[in-house]
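Participant: As a plain string of letters, each chain reads:
Protein chains: 2
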Amino acid sequence: MSSYCFGIDVGGTSVKCGLFKTDGTLVEKWEIPTRRENNGDKILPDVGDTINNKIKERNLDKKDIAGVGIGIPGPVNGKGEVERAVNLYWGFKAVSKEIEEYTGLPAKAGNDANVAALGEAWKGAAAGAQNVILVTLGTGVGGGIIVDGKIVAGEHGAGGEIGHAMVLRGEKEKCNCGNHGCLEQYASATGIVRVAGRKLAETDEDSVLRSLSNITAKDVLDAFKAGDKVAIDIMEYVGDLLGGALSGFAAVVDPEAIVIGGGVSKAGQPLIDCIQKYYREYAFPSCKNTRMLIATLGNDAGIYGAAKMVL
Amino acid sequence: MSSYCFGIDVGGTSVKCGLFKTDGTLVEKWEIPTRRENNGDKILPDVGDTINNKIKERNLDKKDIAGVGIGIPGPVNGKGEVERAVNLYWGFKAVSKEIEEYTGLPAKAGNDANVAALGEAWKGAAAGAQNVILVTLGTGVGGGIIVDGKIVAGEHGAGGEIGHAMVLRGEKEKCNCGNHGCLEQYASATGIVRVAGRKLAETDEDSVLRSLSNITAKDVLDAFKAGDKVAIDIMEYVGDLLGGALSGFAAVVDPEAIVIGGGVSKAGQPLIDCIQKYYREYAFPSCKNTRMLIATLGNDAGIYGAAKMVL
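Protein chains in written order, with the working numbering: chain G, 29 to 339; chain E, 29 to 339.
Looking at chain G on its own, in the form it has when it is part of the complex (with noise of 0.2 Å):
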């Protein structure tokens, strides 16, 4: 058996490396630029020389290695390659492929939000769990599900894309996908300082948010916490319609846990406690005491996931 494998976590502005053993230790971690001129040709390149790279300067033996494992900011189809990723500015990558010719190692690519809810059921919130759904509230409302340990890509590499599930009837924006009424557009960042706006604008009633000039969701995300009667309405709204959505998908899949990820939920505690009223309200009897956790990887949850993919 091979003692070690890497992690690998390709973003916009940089590339997140892991060195890890085969049981989940993390050797070491660093980062490389994202160069992403010329169609983000030389990304990949990159990848396969720092792997080679470490490689050298740690003396292993390349039998020694399980393989690469690859998270990519797009939809990955289930042979590891890519139709197009606008962060990286690529069209057409075959990403596994690609990979495993630089290194010579077996690697495996897959969308970065799959990738690390396979990241949080291997090491993370939920470790050890087989069947997860790990929502990520940041900029926008990413998703992964883990069944049977292993990620659902879909048939278009769309499986997880949780954030863009149609949660309200009658939306008037639209939403980054082109779609209304998407969770993304409510339990996102962005989302809870649209809900914020609508809110605010709707009631007369006092508030600290009144005072800002730019409010942000950890504006509102605080004055909740600290027991402001709008910021409440304005969580109550949303862990109304994320609480719902997730009852939804639970009933497709019936995770043993669902892990709560991204910026937004460094609220803790009285997030998940706002969300799992509304969800244990829908849930299906049988699924109404699933667990439900805050992140605990953070952004290292790709490189775990990434690892654990080619294990």
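For the record, the hints were derived by calculation from the structure and aren't laboratory data.
Careful, some of the hints might be misleading.
For chains that are exact copies, the list does not tell them apart, and a pair is met inside one copy or across any two.
Under the rule of at most 35 Å between Cα atoms (straight-line distance), these lysine-lysine pairs were calculated in the DSBU-like manner [as the list claims (entries may be wrong)]: (1) Lys227 / Lys91; (2) Lys257 / Lys202; (3) Lys57 / Lys316; (4) Lys70 / Lys316; (5) Lys316 / Lys125; (6) Lys125 / Lys84; (7) Lys107 / Lys305; (8) Lys44 / Lys200; (9) Lys257 / Lys246; (10) Lys305 / Lys90; (11) Lys49 / Lys200; (12) Lys200 / Lys305.
None of these values were measured; they are calculated from a predicted model.
Chain E: place on chain G using the hints.
Facilitator: Okay, now just chain E, sitting in the frame of chain G:
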């Protein structure tokens, strides 16, 4: 490699049995009554007997039989155990283990709706697909999720319980599961009748449905296909809720095909068109063209899927 396998589908009144070749050819099918007396403790012995008799009758060699798959109307966990199956008057039952003891063959139990989904993915409407959502519109709404060719059973055996995804807030009537606003309350045969009652009460519009004393789902669907304006309103409402729900499920697992089964699905292509119109409005862009198909195996889906479980 084995040549044969058995597929068993336990229903509330009869047990459907199939002897298959491992390539999926149905060699023979037959039924035995479901003896529910004494907490249904004869049901599994009866299944064992009918299999052993068939083996004797056909002079088969047990070494040449891959095993016995069995679908149960209730949640089944990964070990093939049932905590409770209300329709069979069962408490705890180690189904796979019992069938293995009675027959001396490897056995695998699954929830009947999940097993039917596997049947449709193997030899039915979505033959050959590895990733499928089946929704069964019958008295209730059941479902099954196939990922990578396998049933998603879920942590509590509630994988595919998509009939109990909440699709409408503020519903006053209770679903059989105890929640409010479940998909089943609108898209099942019973649900369509309920929606019809509401729509007819809301409007004075003329409709063929008004002359009927006891409206059935078939009446509504026939009137819908004949162009009755109120019936169209009813089915547009149902199609909106169902299409919206399916688009959310597709954002979770991104299937190759969505299969619509159950008695309601006999309405055929006009029903698909009505659901698909809303599905495409709400679905994540890369899932908008996912195939939506009418189930083709009817009541045989269960024995096909059960057989597939042991292959």
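Participant: All the hints need checking, so say for each whether the structure fits it.
Facilitator: Hints and how they fare:
Taking the shortest alpha-carbon separations for lysine 227 and lysine 91, neither the intra-copy value of 59 Å nor the inter-copy value of 69 Å comes in at or below 35 Å. Taking the closest pair of Cα atoms, lysine 257 and lysine 202 come within 35 Å of each other both inside a single copy (28 Å) and across two copies (31 Å). Taking identical chains as interchangeable, the C-alpha atoms of lysine 57 and lysine 316 are never at most 35 Å apart, the minima being 38 Å within one chain and 39 Å between chains. For the identical chains of this complex, lysine 70 and lysine 316 are inter-copy neighbours only, at 33 Å across copies versus 48 Å inside a copy, given an alpha-carbon limit of 35 Å.
Proximity of lysine 316 to lysine 125 under the C-alpha cut-off of 35 Å is restricted to the inter-copy arrangement: shortest distance 29 Å between copies versus 42 Å within a copy. Within a single copy, lysine 125 and lysine 84 get their C-alpha atoms as close as 22 Å, which meets the 35 Å cut-off; across copies the closest is 53 Å, which misses it. For a Cα distance limit of 35 Å, the shortest separation of lysine 107 from lysine 305 across copies, 31 Å, qualifies, whereas the shortest one inside one copy, 40 Å, does not. Proximity of lysine 44 to lysine 200 under the C-alpha cut-off of 35 Å is found in neither arrangement, the shortest distances being 38 Å within a copy and 51 Å between copies.
For the identical chains of this complex, lysine 257 and lysine 246 are intra-copy neighbours only, at 16 Å inside a copy versus 50 Å across copies, given an alpha-carbon limit of 35 Å. Proximity of lysine 305 to lysine 90 under the C-alpha cut-off of 35 Å is found in neither arrangement, the shortest distances being 50 Å within a copy and 53 Å between copies. Proximity of lysine 49 and lysine 200 under a CA criterion of 35 Å is satisfied in neither setting, with 50 Å inside one chain copy and 55 Å between copies. With identical chains, the CA atoms of lysine 200 and lysine 305 are at most 35 Å apart both within one copy (27 Å) and between copies (19 Å).
The structure fails to meet hints 1, 3, 8, 10 and 11 from the earlier list, while all remaining hints are met.
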